[in-house]
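Line by line, the protein sequences give chains A and B.
Everything in the first sequence is counted per numbering that gives the first Met the number 0, starting at 0 for the first residue and increasing by one.
Everything in the second sequence is counted per numbering that gives the first Met the number 0, starting at 0 for the first residue and increasing by one.
Just so you know, these hints were derived from the structure itself, not from any lab.
Everything numeric in this text was worked out from a predicted model, so none of it was measured.
The beta carbon of each residue, even a glycine, is placed where N, CA and C say it ideally should be.
Keep in mind that a hint or two might mislead.
[Said to hold, decoys possible] Not the full set, but computed from the structure, chain B residues with beta-carbon under 7 Å of chain A:
hint	residue
1	Leu-25
2	Ile-28
3	Phe-33
4	Thr-38
5	Asn-46
6	Gln-49
[Unchecked claim] Straight-line C-alpha distance at most 30 Å; calculated DSS-like pairs for lysine-lysine:
hint	chain 1	residue 1	chain 2	residue 2
7	B	Lys-48	B	Lys-76
8	A	Lys-294	B	Lys-83
9	A	Lys-294	B	Lys-76
[To be verified] To give a feel for the contact side, a few chain B residues facing chain A, derived at Cβ under 10 Å:
hint	residue
10	Glu-23
11	Ser-50
12	Ala-52
13	Thr-56
14	Ala-58
15	Glu-62
16	Arg-72
17	Val-78
18	Ala-102
19	Arg-104
20	Tyr-140
21	Trp-168
22	Lys-172
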Amino acid sequence: MCLFTLSLFYSFALYAQPLTGRWIGVHTEWDLDSFCPLPAYMDFNPDSTWQLGLVDESAAPRTGRWGMEGRVLRLDTTHYAPELVSLQGDMLRIGRVQPMLFRRFRAVPMARETVWQRLAGQVWQSDSVQYLIAADGRVGLRNRKTGAQTVHYAQVLAMDKSAFLVIRGSGNGREGNIRAFWQVMSNEVGVIKLMGGLGSNVGTETLRWVRPLAVNETLKPTGFQTCANCFAQHLANTFVGMNEISKRNMFTLFRQRYQPINVPGQSGMIALKFVRNCAGELGVVELQELDDNYKRRQFDTRITDQLRAIVRNELPGNLFGANEPRHTEMVVSCIFRLVDGRVTDIF
Amino acid sequence: MKMGLILLLWFGIAPVSLAQSGNEALTEIAMTLFWNHRTSHIFMGANAKQSMAILDTMAVTAEVLQQRAMFERDIEKAVVMLEKSTELDSKMHNTVGWSFLFAYRDYPRALRHLEAYDALTPNFDDTDVTSPVSYLKGLCYRSMGNHAEAVREFSKGIDSLAKKQGSEWVNYKHYVTRSISYLALNQSDKALADLDSAVKNSTSDSPLALYFKGKALLQQGRITDARRAFQDAQFFWQANRAKGISQPEDDTNLVTEEDIAEALK
Numbered sequence: 000m001c002l003f004t005l006s007l008f009y010s011f012a013l014y015a016q017p018l019t020g021r022w023i024g025v026h027t028e029w030d031l032d033s034f035c036p037l038p039a040y041m042d043f044n045p046d047s048t049w050q051l052g053l054v055d056e057s058a059a060p061r062t063g064r065w066g067m068e069g070r071v072l073r074l075d076t077t078h079y080a081p082e083l084v085s086l087q088g089d090m091l092r093i094g095r096v097q098p099m100l101f102r103r104f105r106a107v108p109m110a111r112e113t114v115w116q117r118l119a120g121q122v123w124q125s126d127s128v129q130y131l132i133a134a135d136g137r138v139g140l141r142n143r144k145t146g147a148q149t150v151h152y153a154q155v156l157a158m159d160k161s162a163f164l165v166i167r168g169s170g171n172g173r174e175g176n177i178r179a180f181w182q183v184m185s186n187e188v189g190v191i192k193l194m195g196g197l198g199s200n201v202g203t204e205t206l207r208w209v210r211p212l213a214v215n216e217t218l219k220p221t222g223f224q225t226c227a228n229c230f231a232q233h234l235a236n237t238f239v240g241m242n243e244i245s246k247r248n249m250f251t252l253f254r255q256r257y258q259p260i261n262v263p264g265q266s267g268m269i270a271l272k273f274v275r276n277c278a279g280e281l282g283v284v285e286l287q288e289l290d291d292n293y294k295r296r297q298f299d300t301r302i303t304d305q306l307r308a309i310v311r312n313e314l315p316g317n318l319f320g321a322n323e324p325r326h327t328e329m330v331v332s333c334i335f336r337l338v339d340g341r342v343t344d345i346f
Numbered sequence: 000m001k002m003g004l005i006l007l008l009w010f011g012i013a014p015v016s017l018a019q020s021g022n023e024a025l026t027e028i029a030m031t032l033f034w035n036h037r038t039s040h041i042f043m044g045a046n047a048k049q050s051m052a053i054l055d056t057m058a059v060t061a062e063v064l065q066q067r068a069m070f071e072r073d074i075e076k077a078v079v080m081l082e083k084s085t086e087l088d089s090k091m092h093n094t095v096g097w098s099f100l101f102a103y104r105d106y107p108r109a110l111r112h113l114e115a116y117d118a119l120t121p122n123f124d125d126t127d128v129t130s131p132v133s134y135l136k137g138l139c140y141r142s143m144g145n146h147a148e149a150v151r152e153f154s155k156g157i158d159s160l161a162k163k164q165g166s167e168w169v170n171y172k173h174y175v176t177r178s179i180s181y182l183a184l185n186q187s188d189k190a191l192a193d194l195d196s197a198v199k200n201s202t203s204d205s206p207l208a209l210y211f212k213g214k215a216l217l218q219q220g221r222i223t224d225a226r227r228a229f230q231d232a233q234f235f236w237q238a239n240r241a242k243g244i245s246q247p248e249d250d251t252n253l254v255t256e257e258d259i260a261e262a263l264k
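Only chain A is shown next, with the shape it has when bound in the complex:
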């Protein structure tokens, strides 16, 4: 009996006590290779109150009560089975569907203004990325190996006397979700250390000063860039947001513009997919070309080039007509069925 009581006490102590305190979001795992920074904090207070808030404090935090019931974590009325919550050292992982990773928060007192003054107007680099940070907040992230650059906005936030570097949005504006979320751990001349998500884990990113940003240095993306940084391309295969009327408009356009070529044997299907960003720009138009038995084949380029050209030249602005939603970006995919070079069905 004594042993049983002791074991219950030990289990409570093992799980409840280590959770008490403030946790900082690292990322949400969208998929095996897709992690979305989590600019939030979660407080498990000793008086059993619980709070979930944003580091930038742009919304009132959600509050409630928390507790451990055996090995089950309870947040208000929601219960998390033991296998859904894991605590390893200072890392807290919640969930299996889209797991959220938090790390125990340790305050590192630092004035955000000082950090921003050091970063702004300068070029910094980590082992893999060069950060070109303009005084107005624009930042170019340049891959040091490939030279590919994306453009975003940076800002330094303050919470609990600590500073956080947040990179969000795109060259098309500050809107859009977070690209990077770091706590500034040290800020010395020439070296800034950051802590946050690194791939699937938590790690430290060291930025070293390279040079001042030239006044005329262009901060433009080197290629197509989505406005959202956490972009769920896999949703392209779902019906989210699909509208039958938009679909019909798009298909009518294809039917009007496509000039059939009569070549026997040019039969099968072409699955077409592209991304349109919030500014109406189109990314790569991907094609999957299959014969009638669903085996890979190559169609005459007079067909495939035409389809690509219609997408590039005709679709922007015509996709949804007057109902085109603003400030959204989308993955569009559809299938063309062809018989001897003629389009017989689009869906």
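With chain A fixed as given, assemble chain B onto it according to the hints.
Below, chain B without anything else, positioned relative to chain A:
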């Protein structure tokens, strides 16, 4: 399973809204935290690679193959998995037929699978959560231009249900579907009878049924009656919109507000 197979439908427009206030961002985070109390996926398509990795470690069964095909972006591979699943379990012909019908619009192949499924229980019209297999077969025939055979298949489900339970139990969209084939066969009397039943059975006023009623009346040369039917369709479209009823009613028989306006010209 049918909901899952929706993933196979290639056409999609997946919008991502960008203008997000702090409150919306926090709500999204709170919702993700909430859904993480579940042990399995609720949103099909989420964590697709993870799901594929898990399925790839499981024993190959018909069910696993079908689930795996849902996440497969390579159509060539997905089709191999679907076909293989029917070899392992002949009951899978139903969902595979459904996939070829709606996802790939490959009507001859869809029909082949649906016939194989139907043959498993001779003299019995199997019904899944959405429709009898005869209805799906009818859609295949209709899409292949064989309306006589389509009517024969649609009638299996409609007539047997009407006889057993009463015509008021028949899905009004099924009446509309059969009426379209009757119209294609120039049998407007039969089409009108079906459309009257459809109007009776629909739970809210149906612009879809009224639109095709107008078409049937036109076929009979009753111009004034046809115009009244189209006007009613237009009126109820607007009324349904005001009530917040989702439109168009039926993706299989797509009728839009523009179609109705065009008919009224």
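* To do: Give me the numbers of the hints this structure contradicts, sorted from smallest to largest.
  => 13, 14, 15, 20, 21, 22
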